[in-house]
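Visitor: Residues per chain, in single letters:
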Amino acid sequence: MNRISAVSDWILLVVFAAVILTMPVWLAPFGADYPDLMQKFAIYGLFAIGFNILFGLTGYLSFGHAAFLGVGSYTAVWSMKLLTMNVLPAAFLSVFVAGAFAFVIGFISLRRSGIYFSILTLAFAQMSYNLAYSVLTPITNGETGLQLSLSDPRVVDAMAGISTGRSLPSTNLFGVKMSGLPGFYFCAVVLIIGFFISLRIFRSPFGTMLKGIKSNQTRMAYTGLNTRPYLIWAFVISGMYAGLAGALMAATDPLAGAERMQWTASGEVVLMTILGGAGTLIGPMLGASLIKYFENIFSAFNDQTLNQIFDFVPDSIRGYVVELVSLFVGDGWHLTLGLLFMITVIFLPGGIMEGFRRIGGLFSRKKSNTPSSGAVSDQP
Amino acid sequence: MDNVVLHVADVQKSFAGLHALADIDLSVKEGETHAIIGPNGAGKSTLLNVCIGRLRPDSGHVVFDGENLIGKKPHEINQLGVVRVFQTPEIFPELTLLENVMIPVLAKRDGAFKLRWFRRFAGEKDVRIKAEDVLEELGLGSLIGGEAGSLSRGDKRRLELAMGLAQEPRLLLLDEPTAGMARHDTNATIDLLKKIKAKGMTKVIIEHDMHVVFSLADRISVLAGGRIICQGTPEEVKADPRVKEAYLGEEQV
Amino acid sequence: MDAIFLQVLNGLDKGAAYALIALGLTLVFGTLGVVNFAHGAIFMVGAFCAVTFEKILTISTKVKDESITFFDAYKEVPILEAKFPVVGAFIVDYSVPFSLIVAVPVMLALGLLMERGLIRHFYKRPHADQILVTFGLAIIAQEIIRHYFGANPIPQSAPDIVAGSANIGALFGLGENVVYPWWRLIYLMFSFVVIASVFAFLQFTTFGMVVRAGMQDREMVGMLGIDIQRRFTIVFGIATVVAGMAGVMYTPILPPDYHMGMDFLVLSFVVVVVGGMGSLGGAVLAGFLLGILQSFASMNEIKSIIPGIDQIIIYLVAVVVLLVRPRGLMGRKGVMED
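Protein chains in written order, with our numbering: chain A, 1 to 380; chain B, 1 to 253; chain C, 1 to 338.
Just so you know, the hints here were simulated from the structure itself, not pulled from any lab data.
From the three backbone atoms N, C-alpha and C, an ideal C-beta is built for every residue, glycine too.
A couple of the hints might just be wrong.
Counterexamples of contact, computed for chain A against chain B with all Cβ distances above 10 Å [said to hold, decoys possible]: (1) Leu13; (2) Ala100; (3) Arg112; (4) Ser163; (5) Leu168; (6) Leu225; (7) Tyr230; (8) Leu290; (9) Trp333; (10) Thr336; (11) Phe347.
Under the rule of at most 30 Å between Cα atoms (straight-line distance), these lysine-lysine pairs were calculated in the DSS-like manner [unchecked claim]: (12) B/Lys125 to B/Lys156; (13) A/Lys214 to B/Lys108; (14) B/Lys195 to B/Lys108; (15) A/Lys214 to B/Lys72; (16) C/Lys124 to A/Lys214; (17) B/Lys125 to A/Lys214; (18) A/Lys214 to B/Lys156; (19) B/Lys114 to A/Lys214; (20) B/Lys197 to B/Lys156; (21) B/Lys114 to B/Lys156; (22) B/Lys72 to B/Lys29; (23) B/Lys108 to B/Lys156; (24) C/Lys124 to B/Lys156; (25) A/Lys214 to B/Lys73.
With the hints as constraints, model all of the structure from the sequences given.
Guide: Below, the structure written as structure tokens:
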């Protein structure tokens with residue numbers, strides 16, 4: 001049976017990879033098959049998958065993960081300014097720098113748990129955000145955001161004899177431009193690797209220890225386990241994921257701004273994770289895609305399109321209908337987001353995956369429970 | 001045979017001026033089952049908490065096998081082989097029974113921290129077999145795939161005992177292992193503890209139930225008002241008038 | 001010396017806002033055991049009560065401008081002023097303090113509704129869930145306000161009579177250049193009165209006694225058979241009213257916009273943590289302390305030594321306090337230990 005669950009994990013991975021890579025095909029009927037949006041799915045999916053390793057497995061709610069995303073973006077853009085427009089070095093550097101940054105913040109924040117931990121991470125993220133806007137302007141370029149310029153040295157590219165000419169160079173992977181569809185496929189491959197690592201962590205002794213910490217941290221200590229390094233590693237790993245996501249953002253669009261570090265951005269990744277289902281493998285990816293999809297649709301509406309949509313409604317009340325609906329769309333998309341947040345927490349604390357399980361439970365109630373096959377929990 | 005494994009010397013502990021423990025001297029020999037009894041509030045749990053690093057005494061030593069335990073962190077003490085089973089079942093409610101027992105086995109094998117993120121937890125064959133054996137031995141074999149949180153209270157306590165035993169501790173500290181159990185469960189637990197005793201595991205038991213104490217203990221320490229008032233074999237303790245006065249008088253023996 | 005005195009004064013009014021918000025946060029946290037991330041939004045809604053009230057008062061009508069005699073000119077004048085020249089103008093001028101009269105019942109109703117409808121069901125849920133659900137609520141409140149009032153700050157003016165500055169320096173025998181806006185002084189006084197009233201209420205009434213006992217040990221109070229539930233609702237209402245009033249009175253100091261609640265919430269939370277979760281005195285003390293610290297950190301002399309310190313001082317203090325004194329300045333043992 002051991003082998004069976006190992007095989008089922010491989011199947012899960014293959015299915016996941018297939019679904020991601022075929023996005024341009026099956027998203028077409030939804031009108032979501034254009035590269036920019038699909039890149040967002042992959043990038044935020046990666047961000048949420050990483051966040052889930054901390055929050056989903058250990059239960060430690062960080063309100064500062066956007067800071068790592070921001071650091072990743074800045075690092076990537078600097079790599080493009082100073083070294084090369086190739087995205088691979090940028091990605092590696094971002095993971096490393098974000099990981100180091102996460103280590104420092106995690107080392108301090110993890111001395112506390114519960115709400116204190118949340119506040120500490122929030123405080124650190126706000127500090128980073130404020131500093132990025134003020135004193136760190138030489139590094140972050142303040143409100144304008146960090147951008148490429150013609151005068152950047154790009155040492156490696158210069159040595160390789162790649163001249164940029166009179167226009168700004170574009171990001172590339174050994175010559176393949178990272179905009180449009182190739183950009184999406186790059187993000188998708190990174191996402192699949194990220195998912196694979198997350199899958200391994202979930203199934204590993206390390207991951208099980210993290211679940212133990214979430215379940216009963218005191219007991220872990222009296223079982224002879226030092227919970228602190230486990231938590232720090234979980235924090236650093238999830239910070240690395242965030243850094244990588246930040247690097248991908250820069251890879252597809254080479255600029256970085258401080259607003260990526262704001263705590264509302266941290267709140268967004270929390271929402272993605274819980275909407276899909278914290279602690280599940282594919283929940284975060286699901287949550288991230290859904291939110292980015294609806295954001296894309298909802299924020300595109302304006303009063304004109306609404307009037308067209310509600311054309312069938314009698315004139316006398318159409319105004320009211322449009323007025324009401326316009327609260328939730330366009331600029332009001334955040335209102336929908338807040339509502340979604342509340343509905344999820346109130347009615348479906350386990351997220352969409354929990355909903356699936358409940359629906360699945362209705363159908364499989366009659367099947368007898370086979371106790372041994374699930375002795376080590378392997379839910380997707 | 002007279003190897004002293006755990007030596008508690010001159011331990012003092014007071015809370016806000018109240019002496020919870022005073023001049024505690026206690027030696028536990030290898031292989032013996034040592035019971036600590038005493039009326040409520042005598043300081044039994046405090047003593048146990050000092051031994052596992054949950055509380056720091058004001059003065060004195062707690063030496064386990066030549067190592068001073070005071071100031072050590074709970075996980076360090078566990079790694080030395082001192083394992084405690086709690087009174088309120090401390091388990092991992094969201095995990096399966098098998099996982100509950102595999103975690104302590106893994107903790108013993110791999111130490112306090114190991115970053116094994118690529119291997120499969122379920123693929124740790126030796127750990128798994130060990131955990132299954134222990135669960136089987138405690139009569140939980142049919143439930144290993146179930147969630148620990150859904151067990152009955154009695155089964156939860158047995159599960160915790162399994163988590164302790166799975167680590168093959170050199171010293172097992174049991175806090176009222178039969179409290180709140182039905183008579184029939186109590187007897188099953190006594191039989192189980194006797195079986196462990198036959199294997200030569202050193203144990204310290206805190207217990208209220210005299211039936212349990214006298215059927216298991218090799219030696220007994222009687223704690224009252226934070227002091228040890230009497231120490232000896234069950235027969236000696238039974239015969240001691242001070243014990244009768246302080247404790248046994250309250251209950252029918 | 002003057003400069004230092006001035007900085008303390010400058011810090012006090014911001015500190016007063018922190019203290020008033022943190023007071024409610026702590027009160028709710030200590031009694032109901034709920035972490036309320038929507039408390040900042042309540043402050044913001046309070047501020048917009050003042051905005052709305054002023055908007056209603058100044059609904060205007062066109063009136064012939066008598067001062068222009070060459071041709072028929074019209075000017076916009078609030079209906080109120082047009083109908084009752086003296087009283088109307090007075091009310092419009094004093095719209096901010098008058099809006100307290102409207103804001104208190106509105107905030108109370110809002111608070112009771114929120115507690116009954118939502119917060120109550122989260123007493124027993126994990127803190128993470130409480131944070132998330134109230135965070136969602138805060139976003140909703142913020143977006144509704146933005147929809148109706150726009151994204152730009154809406155300045156409110158204090159009554160003309162207190163529009164200027166008080167020469168505090170002369171009062172205390174310091175230099176002539178220590179001046180302080182009257183309204184800020186009023187805000188400070190107002191916050192002292194509110195804080196004192198809340199403390200007095202908790203200290204000297206039986207209701208307050210039960211609430212304080214509840215903060216010490218919720219289960220015990222529950223077992224006494226006291227209807228703690230109803231009292232919790234009222235406590236939540238009080239916290240809401242305090243934050244709402246703080247918002248109303250703050251409008252002449254800081255023109256309200258839709259995200260002011262979030263900005264103040266994060267800082268107030270830090271204040272609560274620094275003061276010590278569940279300690280009312282700690283929250284008030286830390287509020288003023290951090291306000292003053294922030295004001296000092298934004299002095300040019302300090303900024304030139306440590307650049308950017310004004311941006312992070314509060315968070316830095318929070319980090320240090322949490323690490324050195326995990327329970328905060330005045331936190332008690334046993335409150336929120338895990």
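Visitor: Of the numbered hints stated earlier in the document, which are not met by this structure?
Guide: Structure breaks hints 6 and 7.
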